[in-house]
Every structure is written in structure tokens, then in C-alpha cells.
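Peer 1: So the sequence lines, in the order shown, correspond to chains C and R. Start counting the first sequence at 2; every next residue gets the next number (my numbering). Start counting the second sequence at 2; every next residue gets the next number (my numbering).
Hints were generated in silico from the structure; no laboratory data involved. One thing to keep in mind: the hints can contain errors.
For identical chains, the list gives no copy identity; a pair is met inside one copy or between any two copies.
Below, simulated DSS-like cross-link-like pairs (lysine-lysine); rule was C-alpha separation at most 30 Å, straight line [stated by the list, open to error]:
#1 K532 to K9
#2 K381 to K150
#3 K381 to K75
#4 K95 to K75
#5 K329 to K261
Quick caveat, the model's predicted, so the values are computed rather than measured.
2 protein chains.
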Amino acid sequence: MTIKEPSKKIVIVGGVALGAGAAAKARRMDENAEIIMIERGPYVSFANCGLPYYLGDEITDRDALLLNTPESLKSRFNIDVRVLEEAVELDRAKKLLTVRKVDSGEQYQLPYDKLVLAMGAKPIIPPLPGIGLSGVFSLRTVPDVDQIKAWVSSQNAKRAVVIGAGFIGLETVENLASIGVEVTLVEKAPQVLPPFDPEMTALALRELDKMGAEVILGDGIASFEGVNRATTVTLESGRKLEADMFLLGIGVRPENGLAKQAGLELGTAGALQVNEYLQTSDPDIYSGGDMAEIIHLVDGQRRWIPLAGPANKQGRVIGVNVCGGQEKFLGAQGTSIVRVGKATLATTGFAEKTARALGLNFFTSYNTAGHHAGYYPGAKDMTIKLMVENPSGRLLGAEVAGREGVDKRVDVLATAIAAHMTVSDIAALDLAYAPPFSAAKDPVIMAAMAAENVQHGVIDVVHSIDDLPAEDVNVLDVRRDDEVIEGMLPGAINIPLDELRDRVGELDASKHWIVYCRSGQRSYFATQLLKRVGFPHVYNLSGGYIVQE
Amino acid sequence: MTIKEPSKKIVIVGGVALGAGAAAKARRMDENAEIIMIERGPYVSFANCGLPYYLGDEITDRDALLLNTPESLKSRFNIDVRVLEEAVELDRAKKLLTVRKVDSGEQYQLPYDKLVLAMGAKPIIPPLPGIGLSGVFSLRTVPDVDQIKAWVSSQNAKRAVVIGAGFIGLETVENLASIGVEVTLVEKAPQVLPPFDPEMTALALRELDKMGAEVILGDGIASFEGVNRATTVTLESGRKLEADMFLLGIGVRPENGLAKQAGLELGTAGALQVNEYLQTSDPDIYSGGDMAEIIHLVDGQRRWIPLAGPANKQGRVIGVNVCGGQEKFLGAQGTSIVRVGKATLATTGFAEKTARALGLNFFTSYNTAGHHAGYYPGAKDMTIKLMVENPSGRLLGAEVAGREGVDKRVDVLATAIAAHMTVSDIAALDLAYAPPFSAAKDPVIMAAMAAENVQHGVIDVVHSIDDLPAEDVNVLDVRRDDEVIEGMLPGAINIPLDELRDRVGELDASKHWIVYCRSGQRSYFATQLLKRVGFPHVYNLSGGYIVQE
Ligand SMILES: Cc1cc2nc3c(=O)[nH]c(=O)nc-3n(C[C@H](O)[C@H](O)[C@H](O)COP(=O)(O)OP(=O)(O)OC[C@H]3O[C@@H](n4cnc5c(N)ncnc54)[C@H](O)[C@@H]3O)c2cc1C
Ligand SMILES: Cc1cc2nc3c(=O)[nH]c(=O)nc-3n(C[C@H](O)[C@H](O)[C@H](O)COP(=O)(O)OP(=O)(O)OC[C@H]3O[C@@H](n4cnc5c(N)ncnc54)[C@H](O)[C@@H]3O)c2cc1C
Ligand SMILES: CC(C)(COP(=O)(O)OP(=O)(O)OC[C@H]1O[C@@H](n2cnc3c(N)ncnc32)[C@H](O)[C@@H]1OP(=O)(O)O)[C@@H](O)C(=O)NCCC(=O)NCCS
Ligand SMILES: CC(C)(COP(=O)(O)OP(=O)(O)OC[C@H]1O[C@@H](n2cnc3c(N)ncnc32)[C@H](O)[C@@H]1OP(=O)(O)O)[C@@H](O)C(=O)NCCC(=O)NCCS
Ligand SMILES: [Ca+2]
Ligand SMILES: [Ca+2]
Chain C
2 MTIKEPSKKI VIVGGVALGA GAAAKARRMD ENAEIIMIER GPYVSFANCG LPYYLGDEIT
62 DRDALLLNTP ESLKSRFNID VRVLEEAVEL DRAKKLLTVR KVDSGEQYQL PYDKLVLAMG
122 AKPIIPPLPG IGLSGVFSLR TVPDVDQIKA WVSSQNAKRA VVIGAGFIGL ETVENLASIG
182 VEVTLVEKAP QVLPPFDPEM TALALRELDK MGAEVILGDG IASFEGVNRA TTVTLESGRK
242 LEADMFLLGI GVRPENGLAK QAGLELGTAG ALQVNEYLQT SDPDIYSGGD MAEIIHLVDG
302 QRRWIPLAGP ANKQGRVIGV NVCGGQEKFL GAQGTSIVRV GKATLATTGF AEKTARALGL
362 NFFTSYNTAG HHAGYYPGAK DMTIKLMVEN PSGRLLGAEV AGREGVDKRV DVLATAIAAH
422 MTVSDIAALD LAYAPPFSAA KDPVIMAAMA AENVQHGVID VVHSIDDLPA EDVNVLDVRR
482 DDEVIEGMLP GAINIPLDEL RDRVGELDAS KHWIVYCRSG QRSYFATQLL KRVGFPHVYN
542 LSGGYIVQE
Chain R
2 MTIKEPSKKI VIVGGVALGA GAAAKARRMD ENAEIIMIER GPYVSFANCG LPYYLGDEIT
62 DRDALLLNTP ESLKSRFNID VRVLEEAVEL DRAKKLLTVR KVDSGEQYQL PYDKLVLAMG
122 AKPIIPPLPG IGLSGVFSLR TVPDVDQIKA WVSSQNAKRA VVIGAGFIGL ETVENLASIG
182 VEVTLVEKAP QVLPPFDPEM TALALRELDK MGAEVILGDG IASFEGVNRA TTVTLESGRK
242 LEADMFLLGI GVRPENGLAK QAGLELGTAG ALQVNEYLQT SDPDIYSGGD MAEIIHLVDG
302 QRRWIPLAGP ANKQGRVIGV NVCGGQEKFL GAQGTSIVRV GKATLATTGF AEKTARALGL
362 NFFTSYNTAG HHAGYYPGAK DMTIKLMVEN PSGRLLGAEV AGREGVDKRV DVLATAIAAH
422 MTVSDIAALD LAYAPPFSAA KDPVIMAAMA AENVQHGVID VVHSIDDLPA EDVNVLDVRR
482 DDEVIEGMLP GAINIPLDEL RDRVGELDAS KHWIVYCRSG QRSYFATQLL KRVGFPHVYN
542 LSGGYIVQE
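All chains should be modelled from the sequences, with the hints used to inform the complete structure.
Peer 2: The structure is reproduced here in C-alpha cells:
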């Protein structure tokens, strides 16, 4: 083996997705670089995303959470991993990092040629009265979950309040429920899963209910009370909830203290600004992952997208570039997914509310279909919502909620978004079909066809029967008799689709008609019939009765 | 309702995917057209794809196979459906179709403005001695499956020979096995599932074995013997197999008799030539589905792709165009999938053998990874093979074999192919990750990264240790000790990856080195190390030991 002087000194602060990924890739690029990883916690390269499942005993092997150890990173990649050491100061002019040993408080200075800030994010802990009491937790690291598990068993915890109904909050609820803890979920927003449009979260609410979790929406927390340990949380409304433990899952913030101190440029949300090579405003300092902003692929704007997939890809890009490469990281689109009981919810690109806030010109379209052919037993309904650019038809975003196969559809839609596909392109996709897996027209294709018809003006749609002024609007329900008895929209009259051709004379063609069925499909068929026989003003209720419930 | 003269007369021959789809869409386009559907069988709009599962009692509700009936097509779409009527002659000059009633033999003439040939395909029945004996079946229609099921129970069938190991053959084997019939599978090709490259079918063979099915490859059938009913099949090799029933699944041919008689232009494989509007050489006659050639999206050449997804999409396009529209059908890419026991195999685009036969400039790359994060229990290995164009990196085809999540990956890859993505584009995809669904680097992304490294010359690969002349080649196995005891490739020496950096001095840097591990990942890491310390000739064994087995 050729023994050489280290080609350069690469220092990485933070040893998880971004940091460990950059370190491993850098080693593959350069055998002679000195690669030092500073991590303030006791572990590196751990599976944050697995922590809720370890809490719920779904993952029982704690070691499985540690994808690498300092030893394995040493033997495999010759990385000098220094755990329980914290980067506390950065002198960019001298290219010197000050590192403090967590146990002893001792400090030393570490020179670098290239520095990678991979410090991630930290849970938001609002400065509320009592927040420091024991029994109030957040979940980010292995020690966090160790503490929570120890608390559950030492206190024989039976009741928990989870604060925040984002992905981690919901995973926490589910996993606490599965180990027999009764959970109340408190969320300040008027919905669970804020990244989703509210109507798409109905399935999650249903599953939370099945788990026995009480869900309190539109209420925030004001304070914790208790002697020595927290026993009550008081909400902004004044309501008090007693419990044995309290979990904060109200979001994370970029770990930007060191970057700020060193004068690196920050963007919105306090995340670091980086260019496409993932260089910060100091070209010898790279960053990414949960502490940096990246380009959102749908509109090219920089946003904070703190997720593991993008962090891992950015780590790989940084590993190349700190070794002299010129790899670009093009961006991400916020694709994310969560299991809630038997349901799965997933999203990619912009939600309706995001697209609306950005002032984009777009429409939405819903579809509900079985996750595989209906004639094959076990098909489960899945609702897909598409955000489609006007007039181009380009897909801007999608949300999918169902019980099976949701992950497949969101990944297909994510790929379509990355490829700038229109809904017509998606409707034409040649996806794999055999009865156990899909239908001859996959739900994604059905959703795209329905949206294509809106885009092409084949049909006008409304999203609520209140979308048109009430005076001249009639509502037609074309479901079968056995469906209608379960409930109808106010003021609707019912003519089952299969009778419509014969009974169309019963309807006043000069009126505006909103037509609906269960999913929007049969009512679409009805609208076509009505249009062709001389009804000038017909509208399909997109998504049908299902999404109105 | 405005009563009008029929705007035009649309006659459709064949009432399944293409025919029923075209009829339904045409009605949505034109309420006044007269739409007549001629179907020689007793059923229309049935789920051919469900027939094997109905045979195997996985689908128990026979009615579920009938997505529509003549009555429902009448009431919903005002289609004049004429079952048990066969189109027997076509006079294009007079625009007259001669129809024969199957029961009475009576004939009548049917004029048309637009004609849709949606006659599909028929099973190949080779003219072998004894093929007409009872007990020899093929499976295409509902009456076929009725007959087979009746035979199984009336004859108390215990042993079956299935001839042909394509998709339908394998589904038949599985479903017979699941109702307790012992099956021997005979295939003339040297592999099962001929659309796949042979090494990718190993998992299917394993599952067939688990079902207790004997598999005979490289042998065709010569004759059937028996008194009144077939009791033996004699193979080309002379081998004789006794059984209670024999199922032919050796493929299908376009149902092109009528088209030939009428002088319509045929392409290769006997399928009809159609343009992008799905018009045959006679512009008033449309065709598609299993009886026509379509454009293969990967190379733009016309091919016969007899599958339900494309047929359904073509039906929709024809429905528009027979009503005066100008919709284009752009093509398909042969995406298909089959479940075999606990395994799933899927493919999209070109297999290696196809790309090779076409003389394309491409390389292949393999990867094996868990279908979700390894730290989350229950991850199942999945092997992905990519066919990648040189030097562009564009994906030409993919094959996926595994137990879970195969359908997702093939659909993502199919979407990527449709979008002309390169492996770098795929490696950058933002796919949904939470532990139950995927890994931070999804198997598709891992596969694309590995392929990207080949494309960019980061690593040279071989596909067998025999790919290089033996004299100057050494083979290095970098697996752990506990893996190596299960077997090594001939002549290999073992240094576990994690010891390689320390022990590299044991290796002769001037030699050519092929490095392998289980999946190709650790050996890739090893190749990078060797290259960086001065080994000029190192090659990764793509896909590793798994695909060599
Ligand atoms: C419970 C949980 C579940 C999640 N589930 C998912 C999921 O299902 N899907 C998904 O995509 N994402 C999920 N995420 C998010 C995902 O884990 C992050 O996006 C990803 O880990 C970000 O990687 P990173 O390397 O940027 O930061 P981090 O993982 O936060 O790593 C940063 C590291 O830097 C260290 N550090 C910080 N400051 C210093 C300092 N000054 N000196 C030394 N070390 C320092 C920290 O101790 C930490 O170990 C989840 C996160 C959590 C907490
Ligand atoms: C057992 C089985 C399993 C399958 N599984 C799958 C699968 O999992 N995935 C997949 O993608 N594809 C599958 N297929 C293929 C799929 O069913 C076909 O691609 C699709 O049905 C083609 O539709 P089509 O309308 O072109 O033809 P067909 O479905 O063949 O319909 C043609 C119709 O025309 C009628 N006809 C023919 N000639 C005349 C005439 N002269 N007069 C009147 N009527 C006539 C026939 O009776 C027939 O009903 C399977 C097929 C079978 C048989
Ligand atoms: C694991 C970790 C250290 C990254 O290390 P890594 O060496 O890049 O390893 P990965 O497992 O990601 O493998 C990717 C590499 O293997 C290669 N590879 C994968 N399969 C391959 C195959 N069959 N043949 C050849 N190469 C293959 C890829 O091309 C890639 O190499 P490249 O980047 O040089 O192109 C880092 O991601 C980590 O610490 N992760 C855990 C923490 C985490 O992600 N937490 C948040 C989510 S829970
Ligand atoms: C069912 C069959 C008659 C086609 O009829 P169809 O009316 O086109 O019905 P589909 O169920 O395919 O629905 C597609 C239509 O519903 C629309 N649609 C679906 N969901 C919708 C929703 N939620 N809102 C609005 N429109 C919706 C689509 O846009 C499409 O209409 P379009 O073509 O006018 O755009 C035909 O495919 C058939 O006979 N299939 C069975 C046979 C078969 O396919 N065999 C082989 C495979 S087993
Ligand atoms: Ca409906
Ligand atoms: Ca391996």
C-alpha cells in the first residue's frame, strides 16, 4: 500500500445521514484524505426514523438502530469518529474549529481544509412554564428514546399526551398505543398532518380513533404543571390534561447556532443557504440535510425540506465535492409518507394549500379507486388528489390516502413530477398490471385521466355543492338506491346513473346541475350524458361523496 | 331529451378490454351514435386476467369476473351488445360486416360508418397428434375456465401438466397447486418466464419448487395419448408424462382471420398495422389491443405487446377517434408482472437479451437490497437489473425480482423509462421514505447509483469471473467469514472488506482483480480502495454472489 501524506483534512460536524453519508463517500473518492467526524452525541449513523418503532417495540433490536458505529466507520472507511465531542466555535478566517469534549468540558482546536456542517435539526422546545419538568420529552436521538422507554417502564406509564400531529407525532401516538399507553393528541392547527390538505387526513383521524387516541385540534399548549414531574398540561383554551408523560412533537428547527456565530448566510426558516454544489457562503464549508435549504423541484425556489432521503443524497454529493468533485444536488420535492394504524398517507410536491399560498394557477382533482382489480379479493379504496398546473396540465403535487399500495402510487407520482409530466403523460403510463397488484387502469392512471378531462374542458368540476350560487343550482345524485340510504348531500335529487338516460326528461335542462356519485366516476359519466342531450351547465363534484364526508 | 337521428353507426367486433373500452368512451363522446358490439362468446367485458385466480378459488365469486354484462352496457352506455354472434366476413368497399349467429348459424349483414376490430388474440394450439382429446385445455375465456373447473371436479383431477412457462402458465401452475393438484410444468425454452433474462428467474424456480411443481425446461411437447381423453403427453425428448389434465399456455396469436380476409395490412407477428390514431390501413377501421402492433416506447419500433393495460388505453383512444376526435396512442413498453408463490417478478422496457438482439449499445447493472429499511423488521431482498444505454445513461429496461414491493419498483422504473430518464435522474428521485415502506435510499435509487458509477467509469464491472481471460485474473471475495463458509466462487481468496485496508499488502497490485461480495455493494467499496492505493485493474462483479448462484 502506497503510504502518502494525507491529501487533505476533511472535518465533518454531525454523524448521521448527511455527515456519515458524506464521510463514506469522501473515503471512496479519496483514500488519503484525513476524515474526522465530530458528533456530540454518543452514537453516529443511527436510524432516527426508526426511533418511534423502537419505542413501540416493533423494532426490538436496539443495535439495529445503529447502522454504523465509530468502530465500523473506522474499519470500513477509515473515518476518525469522535463521539461525545461538540463543535462550539468556528473561525473561518483561520479555518479552525473549536471542539469541546462533552464529558470533561475540555476543548481543542481542529484545523480543516474542507468543513462539512451536518448538524441537522433539533426539536422545538417552547419556553413554557414547566417545560423543564421531568416527564416531558422530545424524540430525536437514541438517548431520547432510551429515556422515554425507561420512563414508561419505571413509571408504569398508562397515559400520555402527544403534542403535535406531524409525522413524528403520529408515529409516536401509534407506537405508544401499541404498547398499551392511552394517548391524547393535541395539535394547534385545525387538522392533523399539517403538510396535507385537511380533507385528505380523514383516514388518519379514523385510524387514530380506532387506536383509542383522543384528538384535540385547534388548541396549543400553555404550560406544564406538577411537583418534581409533570402531571398535567394546560392547553391554550384552559383545558387541562393529566398524564404520566408528555411528548413534544411540534416540529424541529435547523441546528444553526455555530453557523450563525461564524457568520454564514442563513435563508428563511433559519436554515443555511447553500448553492447547487452544497457550498455555504464560505466555499470551503459545505452543508445540507436538516440544517440547510435546498431547491424545491416543483418551482425552483429554495425551501427547507428536512427529510432523510434528501439528506442522504446530499451527503453523497458533498462527499464528492469536498474531494474536489463538481457534483450538483438538484433538489427535492418533499415526498413523504406515514403509516397511521392500517392507513397510509403520502404526499409529494405541493399540497393545494401550498400552491394556493404561492398564487399558482392550478386546479385539483380527486379520485378514489381500489388498490388492485376489484374482482380480485381484498381491494382497498385509495383516494388520490392531484394538483395540476393550468393550462399546461403539469402535475404540481399529489396526496394519496388509503390502506394498501399508497407508497407505490406516491412514488410513481413523485417520479412523474420529477419528470415534469402532465396528467396526460401520466394517464399514458404503462404500469404493471396483474390482479394482485393493480388494475388495468391503475388508480394513478384513473386519477390522471379524470384530471386530464378537467384540463381539457371535457368536464367542469366543483369541489363542494356550495361552490356555485345556490339560486340556480340543482344537485343530482346518481348513486344506486342502496347507496343513497346512507345519506345524501343537502337538496340533492337521486336518479341512479343506469336510469338517467330514460329519466333525463325529469330534469330541467336550463338549470345548473352539480352531479355527484360515490367517487366522481359515475357522476362524470352522467355529466357527459347531460351535456350531450343539451344541458349547457353541468358540473361534476370531483371526488364524489367520499371526500365530502 | 333531444331525439336525434343516430349521428353515425359504430360497429365493434369483440367486447372485452379494447372493444368494451372503445364502446364506453365512444358513448361519452357521442350520445347519438348507434354503437353495436358483436361478441362471439357468451360474455363481454370480462376479466381474462382473473381467470387463473378463479381456477385456484382465490376469486370465488364468478360474477365478479364479469365487469359488465350486455344489460349493464345497455343501461349505462346504451350499447347494443350482441353476444354469441361472430363477425365472419368484411366487405370494406361496401362497409358491410357479415355476422353469423353462433347458435343458429343464421347470418346477417351489418353496415358501419366506423368499424373497430377488437378481436384480441387466441391461444396457440399446435396441430399435434391427440391435441383434440378431451382433457387438453387452454385458458382464455370464462367458458374455458368453467370447463377446466368442471373437469377438475368431475374427474377428481390430481395431476396436471401445464405446457408453457409464460405469465399465464405460471399463474395456472400456482392456482392448480393451491387447489391441491400436483403440477408438472413443461417449457421448451431453457428458462421459465421467457420475457425475463434467465438469471432473474431463479426466484420463480425456487417458488415453483416450494409449490411442489416439477419444472422441465428445454423440452417441447410432441403428442397427447389416451383413449377418449388424454392421459399422457409425450415430450420431444421422448419423455412421457401422465396426468389427469393438460393445460396449454404456450402463447397467443392475434385473431387476424377477418382482417386478413379483408386485406388489411399486417405487420410482423401477424398483428394488424395501425397508425398513431389506431387506424388500420383502412381509415374507417380501427384496431388495437391483442390484435395489433403498437409503438414500443423505448425504441419507437412497432411491436406486438398483448397486455391489458395498453389494450384499455387504446380502447379509450379509439372511442374518441371513431367519434371524430384526433387522439394519439403513443405506445407502451411491455411492463408486466407476475406473482409466483411468495415471489413477484416484474419487467419493463427491454430485457438484456432483447437489447442485445437489437444490437443496442448498453450495459447491465444489478443490485440487491431490502424492500424497506433493514433495521425495521421484515425486510425482504429484492434484486433489480437495469439495462442502461451507452453512453447516455438512459434506462432502456429493468427487471425486478423479490418478495415484497416489487410492483412499486417496476412502476417507478416504468415511469422513469417513459420520461427518458437516465440512471442519474433516477438516483436523484425523491421517493417516499418511512421505515415500513422503503429505505432512505430506496432499492431503485441504490440500483441507479450503482449503474451511474458504471456509466461514469467510477468502476469497471464484470458479470462473471469468466468475463476476463483467466491467466492474469485473480478473484477477491470481501464477504465476512460467516458468509464465506456457505460457498465461494472458484479460485477466490477471501479478505473481509473491513480488514482490506490493513491487509491490502497481501495482494499483487499488478494483477487484474475481480472483487465480489454478496450483492456487489461491499465489493464496490473494495474496488474503490484498491484503485486508490494503486491497483490499476479492478473490476466489480455486478450483483455479487447472489446473482451467480
Ligand atoms: C423520530 C424521527 C423520525 C423520523 N422519521 C423520518 C422518516 O420516516 N422519513 C424521513 O424522511 N425522515 C424522517 N426523519 C427525519 C430524518 O431523520 C432527518 O431528515 C435526517 O436524519 C437528517 O439528517 P442530518 O444528518 O441532516 O441531521 P441529523 O440526523 O439531525 O444529524 C445531525 C447530528 O449532528 C449532531 N450535532 C449537532 N450539532 C453538533 C455540534 N455542534 N457538534 C457535534 N455534533 C453536532 C447531532 O447530535 C446529530 O447527531 C425522522 C426524524 C426523527 C427524529
Ligand atoms: C388467463 C389470462 C391472464 C391474463 N393476465 C393478464 C395480466 O395479468 N395482465 C395483463 O396485462 N394482461 C393479462 N392478460 C392479457 C389480457 O387479458 C389481454 O391483453 C386483453 O384482454 C386484450 O384485450 P382485447 O380486447 O384486445 O382482446 P380479448 O380480451 O382477447 O378480447 C377479444 C374478444 O373478441 C372476441 N372475438 C374474436 N373474434 C371475434 C369475431 N370474429 N367475432 C366476434 N367476436 C370475436 C373474442 O371472443 C374476445 O371476447 C391475460 C390473458 C389471459 C387469457
Ligand atoms: C449508511 C451511511 C453511512 C452511508 O454510507 P454509504 O457508504 O454511502 O452506504 P449506502 O448504504 O448508502 O450505500 C450507497 C453506496 O453503495 C453503492 N451500492 C449500493 N448497492 C450497490 C451494488 N449492488 N453494487 C455496487 N454498488 C452499490 C452505491 O452506488 C453507493 O455508492 P456511491 O455513493 O459511491 O455511488 C449513512 O447513510 C448513514 O449513516 N445512514 C444512517 C443514518 C440515517 O440515514 N438516518 C436517517 C434515516 S433513518
Ligand atoms: C370497464 C370497461 C367497459 C371500460 O369502461 P369505462 O367506462 O371506460 O370505465 P373505466 O372503469 O375504465 O373508467 C374510466 C373512465 O372513468 C373516468 N374516471 C375514473 N375515475 C373518475 C373520477 N373519480 N372522477 C371522474 N372521472 C373518473 C376516467 O376519466 C375514464 O373516463 P374517460 O375515458 O372518459 O376519461 C372496459 O375496460 C372493460 O370491459 N374492461 C374489462 C375487460 C378487461 O379489461 N379485461 C382485461 C383485463 S382483466
Ligand atoms: Ca362512483
Ligand atoms: Ca454486499
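Peer 1: Would you mind marking each hint as holding or not holding in the structure?
Peer 2: Here's how the hints hold up against the structure:
no.: 1; hint: K532 to K9; verdict: between (72 Å within a copy, 18 Å between copies)
no.: 2; hint: K381 to K150; verdict: between (35 Å within a copy, 28 Å between copies)
no.: 3; hint: K381 to K75; verdict: between (48 Å within a copy, 28 Å between copies)
no.: 4; hint: K95 to K75; verdict: within (28 Å within a copy, 83 Å between copies)
no.: 5; hint: K329 to K261; verdict: within (25 Å within a copy, 56 Å between copies)
Violated hints are absent here; each numbered hint is respected by the structure.
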